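Visitor: For what it's worth, this note's numbering labels the leading residue of the sequence shown as 1, then goes sequentially.
Just to be clear, a hint being listed does not mean it is correct.
When the alpha-carbon atoms are kept at most 25 angstroms apart in a straight line, the in silico SDA-like pairs for lysine to any residue are as follows [claimed, not checked]:
1) K75 <-> T49
2) K75 <-> P61
3) K30 <-> P19
These are calculated hints, taken from the structure and not from any lab test.
Note that the structure is predicted; figures quoted are calculated from it, not measured.
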Amino acid sequence: MTTRSPENPIEVLLVEDNPADARLTEEILKDSAYAVNLSVVEDGEDAMTYLRRQGEYAYTPRPDLVLLDLMLPRKSGQEVLTEINEDANLRNIPVMILTGTAAEQSLLWSFNISPGRFCRKPIELPRFDAAVAQLESLSERPLVMATPQWAQEQNADRGGRKWWWPFGR
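Could you build all of it, start to finish, from the sequences and the hints given here?
Guide: Shown next, in the form of structure tokens:
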């Protein structure tokens, strides 16, 4: 992928409920090797409204990349990711998960999610630039995480021993 110019920036949707983390991400992305137009929404419901271009987001550009926090109000990052994957119009938008803790990172590793698909907060510029460089290939491979239903099935298969599910429910 070639570097985008300021006239044709990479459209990035940041789904982050912490204003300090959102501001820090914005500052970090200013140093990216790519021209970036960053839009921010604070919860999962607004993320889906934005992605579906509804209501106040009817005329927003389609994101080239979604940076998705997992712990969100109103609709979790997991629920957002599930809805993106179930929507034929959205599933080819690359998603990069933002993790707040080492425990979340370890869990993503355990689900065999490539390190190129998640980034610890505050965002790591080299990982972001690497993800942008691979946008075409990432859009061909939607990000899929285990669901709470998967965790319940694992509990049944483990003879009642609980599978830890940190993302609610």
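Visitor: Taking the numbered hints from earlier one at a time, note which ones the structure violates and give those numbers from smallest to largest.
Guide: none
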